[in-house]
Amino acid sequence: MSTTTTRKRKQEAVRQTRAARPKKIKSKDSWSIGDRIGVGLAWFFGLMLCLVAAAITLYMAWKGVSFVNWEIISTSPEASLEQSKTGGFLDPIIGTVLLTVIGAAIATPIGVAIAIWLTEYGRPAPLARFVEAGIEVIVGAPSIVLAIFGLLVFQQGFLSPFSFTAEGGAVFGRSFFAAGAVMSLIALPFVVGGTREALNSIPRHVREASYALGKDQASTIRRVLLPSSRSGIATGSTLGMAQIAGDTAVVVVLLGASLQISPEGDIPGLDVLKGTGSTLTSFVFQNSPAGEGNAPDKAYAAAFVLLLLVILLNLIVNLVTRKGKQVWG
Amino acid sequence: MDEQYLGIFDESEQASKEEHPTNRRVELMLGALASLVLVFIAGMVIFVFLKGLPSLTGNGISWFGGGGNVDEQLTNIFNSPAEPENYVYELSAFPLLWSTFLISFIAVCFATVISIFSSIFIVEFAPRPLERILEPVVKFLAAIPSVIYGLLGVLVLVPWINDTLITEEMRVSVRYVIQLDGTSVLAGVIILTIMILPIMIAIITDSLRAVPQVWREGALALGVNRWRALRTVSLRAIRPAIVAAAVLATARALGEAIMLAMVTGSIGFAPNPFDGFLFFLEPSRPLAATIIDGAEGLSVEPFGQTMYAFAFILIVSTGLLSFAGWAARKSLSRYSIGAK
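Chains as they are written, first to last, in the working numbering: chain A, 983 to 1311; chain B, 437 to 776.
Isolated chain B (complex conformation):
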């Protein structure tokens, strides 16, 4: 669309340039303002990096490794002596990184499957009245603030998990490692899935609707049924949109702080998937939630620096994911599907 207009603007611009220097000035001013977005992002990444650097250099590669109890290490950092030369930085952040990865990955996997099926339902199979209900339903789920999801999670879902899913045997089997009380990876994953579904459904339905009608009619004319036509033609055409949706949802999931701080138990523990279903019921705490928990201690220099190191990891990973999602959607608009 933009390119289309360019030719015309160039001409009018040529004609008016001599008479109206203001026009040029307006363009420059607006352009400068827009470029500030880039300056801002660069500044944010650099400043957060510089602030978090002492924590990263203080540990080297072992920052990303495991070993020791993260919560104890964080407490030591918080209580480190006031003289800068005696600051404690020792930290092995693996449990936090692992928890971030685990919760986001599982939630995005669930959400991808669910959003593909429900988008197909909305676009193709839902009866008219149901379709009309579903649109505001998706918008409503997207509009609920994360703190309300967190509240419902901690007051409804967590007690339910504690009462029905966790048996006394399970509690006994891990009692020397961790205490099970319902706040768990499972609660986080379930609510996170519901929270990222609306964005994914919005992107996927948009591009499903933008698939040219004739493509599907061609398939139908060859005698396949509606489901096959959808699966073999529409779904294949919008693969980049599904990737974009999953990638953007991952970025959202990585950054979710409040809800996860409320329902995952706030214990720096790395659940092991090889323990079977039990690992779902163990508490954990991702990076973003750790920053929320540590918000009060940001003014303690080494502790604050550690938090900024977490923030740096988060901003770099979400930034790259957002960029990738944007690029995937751009590639789709080249075929005029899901041009938004």
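Excised from the complex, chain A in its bound form:
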């Protein structure tokens, strides 16, 4: 009797220790087929991304090196039936730069103001929520819709000074100014985003220190917060500029279809803003097989210059974020 109970106890003890000590698993055993396929797919798609980016870069670089030369950059486009006489794309380059500058110049102050209100005041809270959502809606709004809405606005009679009025009294509604104003909407969310991020990264005690010195909120914003979020603002508006430089729909609708920059009116400087023109994006579009020009070589050359410009702007963003990072004690 006693021997059987002890034996039973022993067996029980052995069973318990076995249960307590889990079976040793080799690390490979826990990877089922499905897991391996998952990891394999992750590797595959990750590498595919690199491959696609590399392919685009190399292809564009090759096309750029073969078609870009000084002549094509430094001559204005001409309308001609002969391909060799259609000139280069000096005017589109100037157009892109001009439009980018106008857009950023309008978007930056407005964007900074909105960002300050959202982060520093934000009252009443529901209104702030709605403004935040509204900015998301602007990000998502197709640029073609913004463009034809802009056309609708700038064709109103009271905005005729910003573009050109035809003889019948119809307002043309297309000009550098109109395109720049709509472009500023495309850049706006980026400025707001960059500025908000910078303002959010400033710790609370910095604001408190300013209040302790007797400054009120408005002057704290002006003297303390704005100067320290300078790099964020710069990042935001540079990203916005890259966005403007790459947008085509607004240009096609709002800048008119003229290849050269054609000034309107007789006030020097302002006449260009009132006039029509083209940008690198519209030049590429017009010269692609989908457009009227159908000169792939020129389209590639202009696309290469455009790509360089956009990459340059993005590099500036990287540089500014790295240099401008403020460390708060």
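Please keep in mind that the hints were generated in silico from the structure rather than gathered at the bench. Computed from a prediction, not measured in an experiment: that's the story for all the values here. Glycine is no exception: its CB is placed at the ideal position from the N, C-alpha and C atoms. Accuracy of the hints is not assured; some may be wrong.
Stated by the list, open to error - Label-pair distances were calculated between CB atoms; the ranges are: (1) A/K1305 to B/E567: 22 to 28 Å; (2) B/I569 to A/G1247: 48 to 54 Å; (3) A/L1252 to B/A518: 33 to 39 Å; (4) B/V549 to A/P1091: 40 to 46 Å; (5) B/P709 to A/R1304: 44 to 50 Å; (6) B/R568 to A/V1188: 29 to 35 Å.
Assemble the complex: chain A is given as a structure, and chain B must be docked to it using the hints.
Just chain B now, with coordinates in the frame of chain A:
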């Protein structure tokens, strides 16, 4: 973050209010400027709607239906008589709506799968050097202007599709309906997928990185492998972010105009998925691309009104999608994952 500061600001505000009326004025001015965003959006929707209304009322419900050739109808509208009472509005926009839906939907489906896997790769499995390359790669893909994607599509991808994928048999089988020349739904979908990938990857990697480390360590401590821990813990935690990414990418896809105008063939045709793989190779033209093609005719009154009706459809659908994406991301930040 904002709420956190509120208490302090209220006090300082109380103290300074009597001495500095300027402070109050600054707040009001900035607030008014910010509210202009909402006024602007409301104005845009209303004005575009009013401008497009004659086209919608002129057709009633058949505007959304099929029937007839859209391109012929658009030409008729463009050539309609100059007297307002004789304007032609007859249009059945179904092929354009269908093409918009089809291309965006397929591209977003592809992009969702690819972006989830590649985000997992970037966050968890990529070796250090590769991870460091991938970040600028994603940024680079996001930075390429859509017209360059379109150019590469129309000069590289379209001829390739025309030469390798389309056989002579296919051409003959549909020759009475449509001409196959490489400009196709497939080209549009492939490039659109590449174009919307970066936004999706950015949102998904951000929130994957924000999943608390201890959650995953808990799973790992229970003996599951890295892949399982990621799939069962991290991926489930960020489901709202995946929804947000897909929704925002859809908004982007719906609005893509230039690239699709270049590669999808600019023919108002509704490819039928029941035709098998062939429908991928048929040309088509979504709404946004139609507006680009019609940009020259905007000053012709009834034609312009039709274009504004398209724009109204686009702005309402993308606006709702953006709002939904924003709300989904907000819900995520409540659990402090992906607070951005």
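Here is how each hint holds up against the structure:
1. At roughly 23 Å, the beta-carbon separation of A/K1305 and B/E567 lies within the given 22 to 28 Å, and the hint holds.
2. Separated by about 51 Å at the C-beta atoms, B/I569 and A/G1247 satisfy the suggested range of 48 to 54 Å.
3. The hint said 33 to 39 Å for the Cβ distance between A/L1252 and B/A518, and at roughly 35 Å that hint holds.
4. For B/V549 and A/P1091, the hinted distance range of 40 to 46 Å is satisfied, since their beta carbons lie about 42 Å from each other.
5. For B/P709 and A/R1304, the Cβ-Cβ distance of about 48 Å falls inside the hinted range of 44 to 50 Å, so the restraint holds.
6. Here the CB-CB span from B/R568 to A/V1188 is close to 32 Å, well matched to the stated 29 to 35 Å.
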